[in-house]
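Build out the structure end to end from the sequences listed, making use of the hints.
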Amino acid sequence: MPLLLVAIATLGVIIWTVAYNRTKSVVQARARAQAKAKQEKAQKELQAAQRAQEEANKETAEIGAHKK
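Residue 63 in the UniProt record's numbering sits at position 63 of the sequence shown, with consecutive numbering throughout.
Derived by calculation from the structure, the hints in this document are not laboratory data.
Check each hint, because a few of them may be wrong.
Derived pair list, reagent style BS3-like, types lysine-lysine, alpha-carbon separation capped at 27 Å [as the list claims (entries may be wrong)]:
1) K36 <-> K24
2) K24 <-> K38
3) K44 <-> K58
4) K58 <-> K41
5) K41 <-> K24
See the structure below:
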């Protein structure tokens with residue numbers, strides 16, 4: 001009987017450990033996905049800002065050329 005209790009307890013610990021590690025992996029994967037999405041969004045915003053800056057520079061150059 002005590003051996004059966006030890007076996008049941010061991011099985012419970014194994015099941016809990018597997019479930020914990022799987023949950024931890026899912027949480028880490030979700031965090032990585034969110035970080036990647038934030039990075040991609042920031043990259044797109046940076047590219048948009050760079051394009052806007054280039055347009056502003058072109059307009060400034062055109063205005064300067066017309067004034068001369």
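The hints, checked one at a time:
no., hint, verdict
1, K36 <-> K24, "holds (18 Å)"
2, K24 <-> K38, "holds (21 Å)"
3, K44 <-> K58, "holds (21 Å)"
4, K58 <-> K41, "holds (26 Å)"
5, K41 <-> K24, "holds (26 Å)"
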